[in-house]
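Trainee: What follows is the residue order along each chain.
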Amino acid sequence: MDNAVEVKRDSPPPPATGKAAPSAEPREIEIQLYARREEIYPRQRVGESLGFFQKWRWTAVWVTQFVFYGLPWLQWNGRQALLFDLAARKFYIFGMVLWPQDIIYLTAILIIAALSLFLFTAVGGRLWCGYACPQTVYTEIFLWIERHIEGDRAKRMRLDKDPMSARKFALKAAKHGAWIAVALWTGFTFVGYFTPIRELLVEVATFAAGGWSLFWILFYGFATYGNAGWMREQVCKYMCPYARFQSAMFDPDTLIVTYDRERGEPRGAGSKKLSRAEQGLGDCVECKLCVQVCPTGIDIRNGLQYECIGCAECIDACNYVMGKAGMPKGLIRYSTERALAEHFAAKDIWGHVLRPRVLVYAGILAAIIATLFVAVAMRVPLKVDVIRDRGALAREAEDGRIENTFRLQVMNTSERGQAYALSASGLPGLEIASEPTFELPGATTRSVLVRLRARPEDIPPGSNKIVIGVKAIDDPQVAVEEKTVFLGLKR
Amino acid sequence: MNDIGASQFYSAFWDYYIAIITIVSVLGCAVFLWLQSRRTVKAQINAKGEIQTTGHVWDGDLQEFHNPMPRWWIWLFYLTVLFSVIYLVLYPGLGTQWQGVLKWTQSGQYQAEVKAADARFGPIFAAYAAQPIETVAADPKARQMGERIFLNNCAQCHGSDARGSRGFPNLSDGDWLYGGAPSTIVASLVEGRNGVMPPMGAAVGGKADVEDVANYVLSLSDSAHDSVKAVRGKAKFDTVCAACHGADGKGNPALGAPNLTDKVWLYGGSVATISETINAGRNNVMPSFKQILTAPEIHLAAAYVWSLSNSGKAAATTPAPAPAK
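Sequence order for the protein chains is L and U.
Quick note: the first sequence uses my numbering, first residue 1, plus one each step.
Quick note: the second sequence uses my numbering, first residue 1, plus one each step.
So that you can see chain U by itself, here it is in the shape it has in the complex:
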């Protein structure tokens, strides 16, 4: 209400405008009904004294016969007037100045529904939130809940099967940029991640140098590469790239530097793509979800994500629980 009142496009005139039109209409209906219930018209009668028509004739032969409505019918109309009066007393129907006896608002109703939903679902979430993620992940019901949270919030980037796509990590292959411990997954969800690979083209050297390094990177995972170029690239790698990716190329989860010795590629594993990555760098953002999801929801989503690459472990550590009643 105050928001509207503060708006410069709003004038209190409209409150009175609405209120007066509404009240006058309702009263007008009542007066009209009262007049109609007393109104009489002249009717034709025939020789036997029977009432025939109201004498209204249209188009020469279309006559209005006398078929009076039952008297109780008019009371239905009065009831609608009564209804609108009661309604306008209870609810805010007369502009913003009158809030109604019930103080009903849309946002109030929304809050009440949220409260009711929290009361209903809160204990379920709370029970799971109190358990360690490994236990939650072993519970099929919890996994279903986690999956639904995932599908609504995470699948847009990571895919509904969590297997990602170019630029969006696959969450089901057991390969992690920042580590796959349950607490790390929760941290990724809560705070988000910003993975930066700076442009390294100048540090590495010319075009040929970059290609050499790219071939060396491919050799780390035994992927198809040019071994001559790879040998040439090793020195550059050790001086420039090893700072983050490590001398062995196994990466550094603390920085989110990927492991280059496996065949998992976030942007693609060709010489061209790797060269592009070295030259232009990469900047990748996983947004923070702490404003979007509640802590228990993040707990369940993390359990679901963790279960994708740890299904064997989850089943092994905790016996499968009996189906929920």
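Same shape as in the complex, but just chain L:
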């Protein structure tokens, strides 16, 4: 692989203290370890309409942003449908209220996320990076704004070279104004997942928002503005760990954005009077559109490179050019390393994509997703922890029976109040001497005292296993049983 080669494109070479002579002779030059970042001006439109993969990318933008901006506004039973109340440590997800004790579901979701990443990367390379990553999606949105204010690549390059003028200032101000507006709304929406968004909107609108809400709105707003407006591909190249470690998930059967070197080379514009074959040229017409559209500023014709986020912009650009030139599409296409080397037909590629590794990932993923759904569906909105009294192990009650005291930490994790009945079993004649029922308002927790009694002749001295049950009076489905021990006295 000749990836990671720093190749000069149509940008000036990295600053060198020594001078590289254009002729071949000096084989070495002095270079610095740090270089000024060269601004990338990705060309966004090639042709009149969006390319095939561009449409997919925009679909992903619309879907993710519709969900992200829309969800916090949904209401459910008179409250926000999706609210992560960190202060109260309760996560409201539609009909569900998750408590810190439900962290296991978060674990499952994280495992699902990780396995999905493995699966999709094994199949299609950096699909996440190219289509769904917020960095990509917001850069896409910011680029769209940029194009509508400053124009596409060529106009932007010219504008940036021009000296400051009233027009340039106005354009730049408009662009940054629009970016900041989107960024602030993004920050506001994000905070709206953690604090009721409708109240937050009122607070923001009346300039009453303060403290942490305001800080985080500005923080995430600034992060969006900075990352999507200024940092862009640098986030992927220098900051994102995922961008780097996923190359470890690639194998020769992973679909990647690939330039068909055999078909394309030798490249050249050629002359229209002769056929390309007669001129000894491959199909690449050296239009450089694939380089111009690249949001990370690489040349895909140099092969797989770590900077490539797999966005497929170059495929769309090249297909357009191939169409215009009357050549078959797919000079740059999704293909695999093995398919290129062994000249697979499309059918064979898919046969190799469904390889054991992918099937195992898919199988585990399906199993965990199914488990999560079953676990969530069977979740009982009641949690009980039995804590034996720390002070008194066992005592003789006034009626001569042996009494043990327990404290039940009971959590009603549903949103409505509920009356519960206690039960105890595991020893003959075990009776509840305290109040056998209790009530608990919705989404609250309470410590409930339970005193159990049994006749001394019925219980062996020492520790005896018993079970304390809590059951909702009007809903037998909501029942929890907890194991504990009843201590008998030595006689």
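No false leads were mixed into what you were given.
Every beta carbon over 10 Å from chain L, so not counted as near; a handful from chain U, in silico: (1) 16; (2) 19; (3) 91; (4) 93; (5) 97; (6) 106; (7) 111; (8) 112; (9) 143; (10) 178; (11) 209; (12) 239; (13) 240; (14) 255; (15) 275; (16) 290.
Result set (DSS-like, lysine-lysine): computed pairs, CA atoms no more than 30 Å apart in a straight line: (17) U:229 to L:490; (18) L:471 to U:141; (19) L:490 to U:207; (20) U:48 to L:288; (21) U:115 to L:90.
Don't read these hints as lab results, they were simulated from the structure.
Note that the coordinates shown come from a computational prediction; the quantities given were computed from them, not determined experimentally.
All residues carry an ideal CB built from backbone N, CA and C; glycine is no exception.
Put chain U on the given structure of chain L with help from the hints.
Mentor: Leaving out everything else, chain U in the frame of chain L:
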């Protein structure tokens, strides 16, 4: 700071040791960054004049390609140096001699947090402390507060249900060693109690005499006993035990002498246990809580304890207050 300075295991040398290492490290980082930002290496170029690798090769074929970091990256490192300088000026990070401009200390932060908590919760406690205990006991919010204080401070001995266990009185049965008036409960909490039953075996007589007295004591509460022995024990009881427990055996709250005519037994109500009590005596301590709890906390805890055996009365004397907002 003075505590450390006064310690014989402490030498001011370590202050300078820490300070010098820290300052030299921070400055060293800055110098290193500056050198790295100017450093150049020799790079290979190919025939087209493109920069290829730095010429570093490991294991024969592992080459270092030329992928320079963006220049702004190095400014992030300079920012960390700047951060540490500001931090060391503001906070005590250079040994104990330099206290930092902010004069921050752990104990200072603790005091500030306590002060903030007092400002927040003080008025709530003060409001309850101003009310009589009977009124406080009728307030469910106050009872919850009292219960939490009880669970953290009292439940270790009296049990989380306040029903005690052997040697630790039941606080919920309306039977009191020293009296159950609210002021008496507060006094028990503030000053503690030391209940002493002296060994009385010798004063009572022999083994049989002690058993006689024990049976008489059981007869006072109509518990199962040997009536012949009980009759024999009465005389001994009147001369020896009645001094504290009273001729009728009803006890004396001023001394903490228990009432023997009810069926409440602190150590157990068998002949054997009562004999043991007579022979060996008992010494029981309720610690003082005035150093542990504040007066308003004791007020709330006492209200909770009082409410356990007076729930009917508390509800009757004061109408249940509306739930707090």
